[in-house]
Structures are given as C-alpha cells and as structure tokens.
Amino acid sequence: MADSICRALRDGALEGEHAPALTIKDNIASPFGFDVFSHVLSQLSSNILAGKSQSRGLVLVAFRRSPSFYVDFLKRKGVDISSSHKWIQILDCYSDPLGWKDGFSLETSNVASSCKNVKDVHKLLSTIIELGQGLVGQGKVRFSAAIDSVSEMVRHASVSSVSGLLSNLRSHDQVSSIFWLLHSDLHEDRVTAAFEYLSTMVASVEPLNQFGNGQRSNMNTFPLLEQSFAKGKFHVRFKRRNGRVRVACEEVRVEQSDVNFTSVSSDNGMINEGLIPKVQFNLQLSEKERIDRANVVLPFEHQGNGKPIQIYDGRRSLMDTKNEITSVSTGKSETNDSSKGEIIYFRDSEDEMPDSDEDPDYDLDI
Amino acid sequence: MEDNGGAPSNLLDDAVGALAGRFVAVEDSVETSAAFVLHHLLKRALSPLSPTVVLFVSFAHPFSHYDRILRKLGCNLAAQRDNKRFFFFDMLMWEYQGERIRDEEKTRGDGLVALYGEIQKLISDLPEERKNSVTIMIDDVSLMEVAAKGSTNLVLDFLHYCHTLTSELGCSLVALNHGDIYSSTERPTLILQMEYLAGILIKAEPLATGLAKDVHGQLTVLNRGDGQGSRYKLCNFHFKVKENNVEYFFPGSRS
Numbered sequence: 000m001a002d003s004i005c006r007a008l009r010d011g012a013l014e015g016e017h018a019p020a021l022t023i024k025d026n027i028a029s030p031f032g033f034d035v036f037s038h039v040l041s042q043l044s045s046n047i048l049a050g051k052s053q054s055r056g057l058v059l060v061a062f063r064r065s066p067s068f069y070v071d072f073l074k075r076k077g078v079d080i081s082s083s084h085k086w087i088q089i090l091d092c093y094s095d096p097l098g099w100k101d102g103f104s105l106e107t108s109n110v111a112s113s114c115k116n117v118k119d120v121h122k123l124l125s126t127i128i129e130l131g132q133g134l135v136g137q138g139k140v141r142f143s144a145a146i147d148s149v150s151e152m153v154r155h156a157s158v159s160s161v162s163g164l165l166s167n168l169r170s171h172d173q174v175s176s177i178f179w180l181l182h183s184d185l186h187e188d189r190v191t192a193a194f195e196y197l198s199t200m201v202a203s204v205e206p207l208n209q210f211g212n213g214q215r216s217n218m219n220t221f222p223l224l225e226q227s228f229a230k231g232k233f234h235v236r237f238k239r240r241n242g243r244v245r246v247a248c249e250e251v252r253v254e255q256s257d258v259n260f261t262s263v264s265s266d267n268g269m270i271n272e273g274l275i276p277k278v279q280f281n282l283q284l285s286e287k288e289r290i291d292r293a294n295v296v297l298p299f300e301h302q303g304n305g306k307p308i309q310i311y312d313g314r315r316s317l318m319d320t321k322n323e324i325t326s327v328s329t330g331k332s333e334t335n336d337s338s339k340g341e342i343i344y345f346r347d348s349e350d351e352m353p354d355s356d357e358d359p360d361y362d363l364d365i
Numbered sequence: 000m001e002d003n004g005g006a007p008s009n010l011l012d013d014a015v016g017a018l019a020g021r022f023v024a025v026e027d028s029v030e031t032s033a034a035f036v037l038h039h040l041l042k043r044a045l046s047p048l049s050p051t052v053v054l055f056v057s058f059a060h061p062f063s064h065y066d067r068i069l070r071k072l073g074c075n076l077a078a079q080r081d082n083k084r085f086f087f088f089d090m091l092m093w094e095y096q097g098e099r100i101r102d103e104e105k106t107r108g109d110g111l112v113a114l115y116g117e118i119q120k121l122i123s124d125l126p127e128e129r130k131n132s133v134t135i136m137i138d139d140v141s142l143m144e145v146a147a148k149g150s151t152n153l154v155l156d157f158l159h160y161c162h163t164l165t166s167e168l169g170c171s172l173v174a175l176n177h178g179d180i181y182s183s184t185e186r187p188t189l190i191l192q193m194e195y196l197a198g199i200l201i202k203a204e205p206l207a208t209g210l211a212k213d214v215h216g217q218l219t220v221l222n223r224g225d226g227q228g229s230r231y232k233l234c235n236f237h238f239k240v241k242e243n244n245v246e247y248f249f250p251g252s253r254s
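Going down the list, the protein sequences come from chains A and B. For what it's worth, numbering that gives the first Met the number 0 labels the leading residue of the first sequence as 0, then goes sequentially. For what it's worth, numbering that gives the first Met the number 0 labels the leading residue of the second sequence as 0, then goes sequentially.
Please keep in mind that the hints were generated in silico from the structure rather than gathered at the bench. Wrong hints could be hidden among the right ones.
Computed footprint of chain A on chain B, listed as stretches where at least three residues anywhere in the stretch have a Cβ under 8 angstroms from a Cβ of chain A [claimed, not checked]:
#1 70–82
#2 112–122
Selected chain A positions facing chain B (Cβ under 8 angstroms, derived; list incomplete) [to be verified]:
#3 A49
#4 Y93
#5 E129
#6 F260
Heads up, the beta-carbon is just placed ideally off N, CA and C, and yes, glycines get one too.
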C-alpha cells in the first residue's frame with residue numbers, strides 16, 4: 000500500500016483535476032508518521048531525479064527538521080544531491096520561524112530559503128509557489144510540495160488559513176502532488192477531519208494494539224526489557240474520483256531509521272480487519288462453496304451444444320454441462336420448436352471478485 | 000558527550016547513549032519523581048573528562064538545592080559555576096508580562112524570547128572548543144508554563160528554539176515535565192508535543208504491582224535513534240534511589 004501511495008504521488012494530477020493529496024497521520028502511541036513521511040519523501044525524490052514522475056521539482060516546507068537534516072537524509076538514502084538545487088527547494092520554517100534570532104546569522108545554502116514569520120500563511124503560500132516555479136519555470140511543468148508538519152503550522156495559524164493554503168496548492172495548475180504529516184492526537188477530531196477531507200489518500204499509522212478508551216499508552220504494556228525496532232499498523236484509505244473508497248492495511252516496521260512495509264501476517268492471528276466488516280453473517284466463501292459456485296450453470300449457458308433446449312428453472316443443476324461452463328457460448332440457439340422465442344446469450348466476461356483493483360465504474364463520470 | 004565521563008556505565012547511560020545533538024524529554028509523576036535522572040545527567044555532563052558546559056534553567060528550585068544534591072553525588076556545582084562550566088538561570092521569580100502587541104512589533108525586552116536570546120548569546124560567547132559541547136537543562140516545563148501564564152504556545156516556541164540549537168550547534172537539551180499534571184486533560188498538547196519532539200524519552204513510573212521497599216519504580220527509555228550513530232532502542236528497567244546514588248537493574252536480577 001505504501002507503494003500505491005508513492006505511485007499515486009509520482010503519477011500526479013490529471014489534466015483539469017486537482018493534485019492528489021496525501022495526509023500521513025499518527026499518534027503518540029505509534030509515533031512513526033515522520034518515518035513514513037521521510038520514506039515517501041525519499042521515494043518521490045528518487046522518482047523526480049530519475050525522470051519517472053510527473054513533477055520535475057519538489058518544494059519541502061520544513062517545520063520539524065532543519066534543511067541540513069533533509070539533505071543528509073536524502074544522501075543516506077542514495078538520492079543524488081549534488082545537483083539538488085535544480086530539483087528541490089526547502090522552505091526553512093524550522094530554524095527561525097518567529098524571528099527570535101534577529102541579530103544572529105543563520106546558515107544559508109542553495110537549497111534552503113529561510114522563513115521568519117510562519118504566522119503569515121498567505122506569504123507562505125506565495126513563497127512555496129515561487130520556489131516551485133523557480134525550479135520548473137512558469138509553464139506547464141509541475142512540481143510537488145511536502146509539508147513535514149501541518150500540526151506545527153496549525154500552532155501558528157488558524158485551521159482555516161492552513162486548509163486554505165493546502166487547498167490552493169492542490170488546485171494550482173503547476174502542482175503535481177502534495178503530501179503532509181499530521182499528529183492526530185494534538186488536534187480536535189474536526190481539525191483532523193478537515194485535513195482528511197482535503198486529501199485523496201489518508202495513511203494512518205496506528206499501534207498494533209489499540210487502546211479503545213483513547214488513553215495514552217501505558218508503558219507497562221511493553222513486555223520486552225529491550226527492543227530494537229517498533230511495529231505498527233499502516234492503514235490507508237484511497238478516495239477515488241467517482242467517490243469510491245478503497246481501504247487497505249499493512250504492517251509497518253521501523254528499525255534503525257529504516258521503515259519497511261509488509262502485508263499483515265496471518266501467523267500471529269491478525270487478519271485484514273480493515274477490509275471485512277464485523278457482521279453476524281458470513282461475507283466470504285469457503286472452498287466448497289467456491290467450487291460449487293464454479294459448477295453452477297448459468298441459465299442460458301447450455302445453448303448451441305446440440306442438445307434440446309431446456310430453460311433452466313433453477314430447481315436442479317445440469318450435471319452434464321459442467322465442463323462447458325468456462326467457455327463463452329456463441330452462435331444462435333437451435334430450437335425444434337419454432338413457435339417459441341429465442342434467447343441468445345453471450346457471456347461477456349468472467350466473474351470479477353469484489354474489491355479488485357480494477358474499478359469497473361472507474362470511467363463513469365457521474 | 001560521547002561517554003558518561005569515565006564513570007562506570009549503568010543501565011540508564013547505556014539506554015540513553017550519547018547526548019550530543021539530542022533532545023531528552025524526562026517525564027515523571029508524583030508517585031515516582033524523575034528528578035534523580037536530571038541530577039544524574041547533570042553530573043555526567045560536568046564530569047572532569049567531559050568538556051561540556053551546562054546551562055541550567057530552573058523554574059523549580061534555587062541554586063542551593065541543586066548544589067546540595069550534587070555534592071552528595073560528588074560534584075561541586077559552585078566550583079563549576081566559578082569555572083564557567085555551569086551557568087544557572089534562576090527563573091523562580093520570573094513572570095510573563097504578557098504580549099503587549101497583536102501583530103508584528105514584538106517587545107522583546109522580557110519573556111522567554113529574551114531568555115532564549117541570553118542563552119544563544121552565552122553560547123556564542125563561549126570559547127570555540129566549548130561551543131559544540133553545551134547541554135541545556137530545564138527544570139521544569141510545567142512550571143515554565145505556569146510562569147508563562149498558561150501560554151502553552153510560548154513554551155513550545157521556546158522549546159522549539161532550544162531544539163534548533165541541538166541541530167545547529169550539536170547542543171543537547173534535557174527537559175523535565177510531569178506527566179500526571181495532564182492526565183485529566185483531554186488533549187495534553189504540551190506533553191504530547193514534547194514527546195513528539197524528543198529524540199530520547201525517559202519515563203519514570205510506579206511499578207504495576209504498587210509500592211515496594213527495594214524498588215522505587217521503573218524507567219522506560221525510548222531512544223528513537225538519530226539516523227546516524229544512534230539506533231532505535233526501547234528499554235525498561237527498575238531503579239532504587241539511595242542517599243548518594245541510584246541503582247538501576249532489570250526486574251528480578253537483584254539478589
């Protein structure tokens with residue numbers, strides 16, 4: 000699922016559409032959101048450098064870490080930063096966000112621009128666009144934007160102004176994709192919801208063991224004396240253009256500042272709970288049921304086999320036509336009763352399993 | 000600070016590792032005070048083999064309090080102060096005057112902005128060889144919030160600016176806060192923000208089984224790693240605070 004997210008950001012926006020937007024959110028019980036953010040950042044950077052992405056540049060708005068941290072991080076991830084000033088610009092909202100360091104000189108570099116007043120959201124927006132256009136020009140070429148802490152932005156400015164900034168970025172002609180990090184437990188639910196509404200993808204990092212009452216995790220629950228990695232659930236929600244929502248879940252493991260995503264393992268008893276709603280009837284088929292289903296002859300499948308026409312009345316299955324079920328029936332039926340109507344049936348496709356990746360209604364423009 | 004100054008290593012030092020460039024958030028509660036962690040890190044920073052300079056910002060106790068405690072641990076704070084290795088900011092009487100403006104013209108004469116300015120100036124005036132070995136300690140953040148008349152944002156801004164010194168100059172930052180103060184708050188923003196910001200989180204909690212004579216509580220140390228030398232590590236062990244030192248041990252390992 001992490002790959003799907005990175006692909007979506009890489010592919011960018013369709014003509015006439017708003018840019019795809021990703022919210023990465025976490026909470027203190029599973030505080031790995033920044034690791035996920037960094038992972039997505041390094042993937043997108045690699046794609047930009049390799050020319051595989053729609054965007055040709057990246058503007059990173061850094062509230063949580065210094066520009067030099069990100070440069071070192073990308074270098075460690077194998078991203079070539081020797082020409083970094085040509086494809087990345089970091090808006091430094093970390094070093095002196097409120098201008099307290101007047102009189103002290105700040106470190107400068109060709110990839111970082113300093114912001115000394117993060118309360119002015121309007122100026123932030125124009126600076127982001129300016130930096131992006133500085134990378135890709137003012138034509139049709141696009142750039143991506145990333146904000147390492149929307150939670151920090153909301154400390155300095157109102158939710159509505161920050162939402163406005165994100166919305167304006169999304170709708171800008173030259174923005175290909177945008178992603179940001181949010182700590183959900185620092186805000187009221189409505190604030191988190193506001194940013195999620197702006198997103199086409201929401202990736203939540205959650206603890207493996209949820210504490211239902213919402214209390215902060217008690218350290219007593221850590222059974223090990225020493226542990227060198229952390230694990231959590233990585234839950235992703237994709238919002239499609241037609242309104243359909245796809246949900247998926249993976250396991251995320253953070254170790255030595257590397258983050259790995261794996262499918263949820265079944266051997267520890269965890270099933271894909273995010274996909275199967277808890278109801279009192281069975282939504283899945285057992286193996287026997289699957290075989291029986293495959294053996295059912297559809298009402299008009301037997302036509303044109305040289306046998307007398309029998310309209311299937313639903314009371315018994317036709318055992319002698321089991322092996323003809325998968326073939327597409329073509330041709331006209333032959334009937335020895337010319338007064339009866341003729342039903343010509345073509346099976347045009349095989350059964351499609353529900354929730355497959357290919358959305359049959361994808362091209363519907365409702 | 001690459002080592003603990005030559006003293007025998009203990010579980011706490013092993014769990015914390017090197018402090019340079021890190022923010023250590025220490026959390027405790029009424030039942031289990033973690034003041035001893037602060038004292039231990041202070042003693043470690045001021046050890047003879049370490050070049051570290053300590054800037055101690057106190058909202059909780061006067062200098063004499065720490066001087067007395069550190070003497071029992073074998074460290075002479077007064078002498079260190081005279082040697083310009085220990086700088087004490089007595090903030091007990093400080094009171095936030097309030098922001099007189101709404102918009103751009105800040106009066107920077109007082110407040111945490113001025114405190115930060117003093118800290119930065121002091122560091123920039125240090126001899127070159129000491130500039131990169133500075134530890135800033137804050138005791139404690141909840142009292143800082145009280146002194147700031149409840150302005151959580153101002154306290155967070157101050158912590159943020161101190162955090163920038165860890166990345167720009169390789170300073171270490173140690174701040175103590177009391178977790179149980181916020182236990183009834185629906186959204187304990189200040190302590191959560193500290194936990195998010197911290198590269199190393201040390202929590203002192205009572206034992207799940209209650210009070211005990213030989214064990215005063217448990218420490219959980221979460222070291223998030225810094226992506227370079229320091230690895231992700233989560234440790235849990237018990238402690239007993241004695242007159243002149245603290246013992247750390249794994250559960251069940253004491254004879």
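**In rising order, the numbers of the hints this structure does not comply with** = 1, 3, 5, 6
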